[in-house]
Amino acid sequence: MDMAVSEQGWSGNHATGFSAVPADERPLAIEAKGLVKSFDGTRAVDGVDIAVPEGAIYGILGPNGAGKTTTLRMLLGIIDPDEGVRRVFGHDRPHDIGRLIGYLPEERGLYPAMKCVEAIAFMGALRGLPLKEGRKRAVELLDRHGLGHAADRQIRQLSKGMAQTVQLLGTLVHNPRLVVLDEPFSGLDAINQGKLEMMIRALADEGVTVIFSTHVIHHAERLCEGVAIIAGGKVPYAGSVEAARDRIPAQVRLETRAREGAWLSFLPSQTRRNGDFFHFPLPESGIEPLLKGLIEGEAGILSLSIERAGLHDAFVAIAGEAAARQLEANNAEDRA
Amino acid sequence: MSIVDASLRTRLSALEAAWVIARRDFVAVLFSRAFLFFLLGPLFPVFVGGLAGAIGGEVQREAVSVEIGLAMSADDNAAMIAAGKRLTPQLGGALPSLREVPEAAGDPAFDAERFMEARRGNYAAILTGTLATPQLVGTEGQVRRWQGPVGLVAGHALEANPASFPDVASAFVATSAAAERSTRIQTAQIAQMLLFLLTMLLAGMVLSNLVEEKANKIIEILAAAIPMDAVFMGKLFAMLAVSFVGIGVWGLTAFGLWSIGSEAIIAASGFDPARLPAPAVGWPLFIALGVIYFAMAYLLLGALFLTIGAMANTVREVQTLSMPVTMMQLMVFFLAAYTIKQPGSSLELAAVVFPLSSPFAMLARAAMEPELWTHALALAWQAMAVLALVKGGSLLFRKRVMKSGGAGRVRRGWFARRSPEAVEPAE
Chain A
1 MDMAVSEQGW
11 SGNHATGFSA
21 VPADERPLAI
31 EAKGLVKSFD
41 GTRAVDGVDI
51 AVPEGAIYGI
61 LGPNGAGKTT
71 TLRMLLGIID
81 PDEGVRRVFG
91 HDRPHDIGRL
101 IGYLPEERGL
111 YPAMKCVEAI
121 AFMGALRGLP
131 LKEGRKRAVE
141 LLDRHGLGHA
151 ADRQIRQLSK
161 GMAQTVQLLG
171 TLVHNPRLVV
181 LDEPFSGLDA
191 INQGKLEMMI
201 RALADEGVTV
211 IFSTHVIHHA
221 ERLCEGVAII
231 AGGKVPYAGS
241 VEAARDRIPA
251 QVRLETRARE
261 GAWLSFLPSQ
271 TRRNGDFFHF
281 PLPESGIEPL
291 LKGLIEGEAG
301 ILSLSIERAG
311 LHDAFVAIAG
321 EAAARQLEAN
331 NAEDRA
Chain B
1 MSIVDASLRT
11 RLSALEAAWV
21 IARRDFVAVL
31 FSRAFLFFLL
41 GPLFPVFVGG
51 LAGAIGGEVQ
61 REAVSVEIGL
71 AMSADDNAAM
81 IAAGKRLTPQ
91 LGGALPSLRE
101 VPEAAGDPAF
111 DAERFMEARR
121 GNYAAILTGT
131 LATPQLVGTE
141 GQVRRWQGPV
151 GLVAGHALEA
161 NPASFPDVAS
171 AFVATSAAAE
181 RSTRIQTAQI
191 AQMLLFLLTM
201 LLAGMVLSNL
211 VEEKANKIIE
221 ILAAAIPMDA
231 VFMGKLFAML
241 AVSFVGIGVW
251 GLTAFGLWSI
261 GSEAIIAASG
271 FDPARLPAPA
281 VGWPLFIALG
291 VIYFAMAYLL
301 LGALFLTIGA
311 MANTVREVQT
321 LSMPVTMMQL
331 MVFFLAAYTI
341 KQPGSSLELA
351 AVVFPLSSPF
361 AMLARAAMEP
371 ELWTHALALA
381 WQAMAVLALV
391 KGGSLLFRKR
401 VMKSGGAGRV
411 RRGWFARRSP
421 EAVEPAE
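Line by line, the protein sequences give chains A and B.
Counted from 1, the first sequence has number 263 at position 263 by UniProt numbering; the numbering is strictly sequential.
Counted from 1, the second sequence has number 4 at position 4 by UniProt numbering; the numbering is strictly sequential.
What the hints contain is simulated information worked out from the structure, not anything from laboratory work.
A virtual CB, placed ideally from N, CA and C, is assigned to each residue, including glycine.
Hints should not be assumed to be uniformly reliable.
Stated by the list, open to error - Sample of chain B residues at the chain A side, in silico, Cβ under 8 angstroms: (1) Arg11; (2) Leu15; (3) Asn216; (4) Glu220; (5) Ala223; (6) Ala224; (7) Ile226; (8) Pro227; (9) Thr314; (10) Met402; (11) Lys403; (12) Gly406; (13) Ala407.
Use the sequences and the hints to build the structure in full.
Shown next, in the form of structure tokens:
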């Protein structure tokens, strides 16, 4: 547990570090402290702290095997941790508020012989929605998501993407207040990934808290206001996306006419040269002293841009190169 | 879409959750091919039933009383017992065992017929009169069976090397305690056998019950939504309901066949249910207890098999498990069947107390003993055992299969002392 780098407070019902709504005004949907879980002597999760305010879209980011799924399973009460506590809407037994939660597991599962409508209604019934009402809502949801024609088809007759959509609809049929999605983008094509992003935003607009795990950083970057970065079972960072990006200095990209000259001495020591371009982090003193040096040294500036660091750069800086490489490998596997 | 449905409470009760699972499983099994096999299932155990029936027959023969009560003069009684002892090495089991009737000793007004009809003692018949003019009192079957051997013993009691044997007169009574006990054993055995055959169908179905959920990863969705013991309970009751449907189908088929060809069935099988001895608690109560004990046997064995099956990951593992499980079922049945002949013995008591054999042993008791309070006690005990097995099974599943830990909740006091940063409720 590394509280020193955490951007979120542990002041009970107050969260900090989120931008959309002043954090201290929002109660926490999920709060976990010091979660530890070992499997056969190996620590899969090692002191995870997470705080997710109500209504937030929150990402759990990390390469495969980092402990994301285990963390989510502990938060939902599917398994209990070996150490630590978790609360969902203030309850330390998530089953006690099962009707407020929707969960899409990483390994998708539906009864193959069930019809789509029945599968969605069954998932609703598990969360307390009467079966009749569940069937009615299932038909509406299927229609709304372009699957009305498949309502009476058995799950085994659907494509993988369609089955995944049906399961997602089953996760939402009872109108939960908290939706937990484990690798929801995995296995979806680009179009369906886009649709899912829209669905997640729509949920958040309605005040639903959405927490999802992913190893694809750009999903988290586009959607989330807060993230927890998990690597090797630990959470080296938990807080807002903005704060994570601010950890890395902005990058300067400079193009000059001159190749040599006294102006080179003004460039920071971390400067990398790539053809006519120079790349270096924005100096702490700001851009003005550098510009002055370049102009006086007759560098012949052709272009100069300052780019704010992305979440990927933040991930590399926070979780380390090894975790970042693993993340890239996971993404490559997905694309393949 | 509103954030929260006002109609929704925050959680399902355990029974509601179990009902959701039971309803899904019941419909899924009923409309699957597996149900057809389930219906055909009873044909296979019939072979096992035949074997077990042979053992049961042996038990019955042993359980039938071969004791002849002696109600003659003290000297004649002693002479009969001594003669019996002399002849036993040569004739062994062909002779009845002879025992003085204590109630007749010193009572010149002792009425053997009334004694037998009052169903006192457990004698096959009672010998009265003298050594020269003995009279055997008992049911017709028992008297005819023992007339010869008793005459032989009486002849040897009269003289060491008899040239002739006295005629044994007979006096028949309608029934006796021994006769009644003997015939009720048939009812008990048939009831136990039926119970066993029905529960035999359980093993395969229940063992593989969680494999589908595990193979299709549905278990994650179930475990996230409702407690595991509700999943177990729901699955058990679904299978119980399915088995009742199966029994209904078989019952209706049997009734239909009986209606159109009862005489042919009796002629072919040699079995006439109308002549089955009435159980001690009476037919209506016996049938009701039979249904309840069947449900209990099903739930008890089912909870155990569900737990064992839940540990398996593949159908192959389930197949490997099914043989030892079936053997275990047989052992439970044989324990209960064996103790029919030993009512009140410690072994029979063990069969009654051991939860898995308890329904079998208690059903036999219902056939043979009229007391009812023992059933109330046994049913309460069995229900507790079902709950304990389900709870234990689901705990084991969470610990061993899902690898759940033991923390997660705020331990008030303890947690607060150790960590000043303990999470406070989000109110």
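Here is how each hint holds up against the structure:
1. Arg11: holds (5 angstroms)
2. Leu15: With Cβ-Cβ at 13 angstroms, over 8 angstroms, it is violated.
3. Asn216: holds (5 angstroms)
4. Glu220: Holds, about 4 angstroms.
5. Ala223: Where the cut-off is 8 angstroms and the nearest Cβ of chain A is about 5 angstroms from Ala223(B), the hint holds.
6. Ala224: holds (4 angstroms)
7. Ile226: holds (6 angstroms)
8. Pro227: Hint on Pro227(B): holds, closest Cβ of chain A at ~6 angstroms, below 8 angstroms.
9. Thr314: violated (16 angstroms)
10. Met402: Holds. Min distance 5 angstroms.
11. Lys403: Check passed: Cβ of Lys403(B) comes within 6 angstroms of chain A, closer than 8 angstroms.
12. Gly406: holds (6 angstroms)
13. Ala407: holds (5 angstroms)
The structure shown violates the earlier hints numbered 2, 9.
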